[in-house]
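Whenever a hint applies, use it, and build me the whole structure from the sequences.
Residue numbers (this note's numbering), protein chains in the order written: chain A, 143 to 255; chain B, 2 to 116.
No lab work stands behind these hints, which were simulated from the structure alone. Idealized CB from N, CA, C, for every residue including glycine. Warning: the hint list may mix true and false statements.
Here are the simulated distance ranges between beta carbons [what the hints assert, rightly or not]:
1. B:K65 - A:D153: 53 to 59 angstroms
2. A:N167 - B:H8: 24 to 30 angstroms
3. A:T247 - B:T83: 26 to 32 angstroms
4. A:N167 - B:S44: 17 to 23 angstroms
5. A:N172 - B:T99: 16 to 22 angstroms
6. B:V4 - A:P182: 17 to 23 angstroms
7. A:R187 - B:K21: 23 to 29 angstroms
8. B:A73 - A:S165: 37 to 43 angstroms
9. B:S55 - A:T147: 39 to 45 angstroms
10. B:S6 - A:S221: 23 to 29 angstroms
11. A:S165 - B:S19: 24 to 30 angstroms
12. A:E200 - B:P87: 41 to 47 angstroms
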Amino acid sequence: LAKTTQPISMDSYEGQEVNITCSHNNIATNDYITWYQQFPSQGPRFIIQGYKTKVTNEVASLFIPADRKSSTLSLPRVSLSDTAVYYCLVGEWVTGGGNKLTFGTGTQLKVEL
Amino acid sequence: GAVVSQHPSWVICKSGTSVKIECRSLDFQATTMFWYRQFPKQSLMLMATSNEGSKATYEQGVEKDKFLINHASLTLSTLTVTSAHPEDSSFYICSVRTSGSYEQYFGPGTRLTVT
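Next comes the structure, spelled out in structure tokens:
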């Protein structure tokens, strides 16, 4: 399983763009990259997923370079409610079985006024 | 995304008793369900993977006789913590995945406190 490395914490202000980069040097060919958000005492919430290049949805963008050894989650204009822990995961889809995800330490994002 | 529920949301039990936690997929068929455990200020740790109608696959270091998992249908999986001890106090979270999808959807979690 590919291991991920993220900054432990980041601080930002409301209205700013936040970019959280994750390293996954040993990512395998079949691995997808997924980002989750977790608030205290809640289950993680799916944010975005990608395999290569750029993916964008209504809440975030995910940038993945050609070598796929890293990825960057971009939150366009953060608000106080975006204060949470963000996890970058890579996981292999096993046919007929589980898509095993290994959670790293995550990045604690703190957004202030 | 999928809606996943867990019951109960929190439970307090005495040491030596057993506790059952339910995980339900409310709006799609979950061919695979996962159980995680999270201690305070730590990351989620995968405990086991279960496929509907099959025995669960446990991660290394997780006692299968202590954490009984049943995935009897495509919408329900249960985790039973048998003979619970204070060190089993944790936040237990399930997630679901449907066949052919890479996405996992997580339940809201169950806070277990063993006294």
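* To do: Evaluate the given range 37 to 43 angstroms for the C-beta pair formed by B:A73 and A:S165.
  => holds, 40 angstroms
* Lying within 17 to 23 angstroms: is that true of the beta-carbon distance B:V4 to A:P182? -> holds, 21 angstroms
* **Supplied distance hint 24 to 30 angstroms, evaluated on CB atoms of A:S165 and B:S19** => Violated, at about 42 angstroms.
* To do: Confirm or reject the claim that A:R187 and B:K21 have a C-beta distance inside 23 to 29 angstroms.
  => Once the Cβ atoms are compared, 25 angstroms apart, the range 23 to 29 angstroms for B:K21 and A:R187 holds.
* Asked: Is 39 to 45 angstroms a correct range for the gap between the Cβ atoms of B:S55 and A:T147?
  -> Hint violated: Cβ distance 34 angstroms, outside 39 to 45 angstroms.
* Are B:S6 and A:S221 spaced within 23 to 29 angstroms by their CB atoms? -> Holds: the Cβ-Cβ distance is about 27 angstroms, inside 23 to 29 angstroms.
* Holds or violated: 41 to 47 angstroms for the Cβ distance of A:E200 and B:P87? -> holds, 43 angstroms
* Asked: Taking the beta carbons of B:K65 and A:D153, is their distance inside 53 to 59 angstroms?
  -> violated, 42 angstroms
* **B:H8 and A:N167 - C-beta distance against the hinted 24 to 30 angstroms** => 40 angstroms Cβ-Cβ, so the 24 to 30 angstroms window is violated.
* Is 17 to 23 angstroms right for how far apart the beta carbons of A:N167 and B:S44 are? -> Given range 17 to 23 angstroms: holds, Cβ gap about 19 angstroms.
* Whether the CB-CB distance between A:N172 and B:T99 falls inside 16 to 22 angstroms -> holds, 18 angstroms
* Take a look at whether the Cβ-Cβ distance between A:T247 and B:T83 falls inside 26 to 32 angstroms. => Taking Cβ atoms as reference, A:T247 and B:T83 lie about 30 angstroms apart, which means the hint holds.
The structure does not agree with the numbered hints 1, 2, 9, 11 stated previously, though it agrees with the rest.
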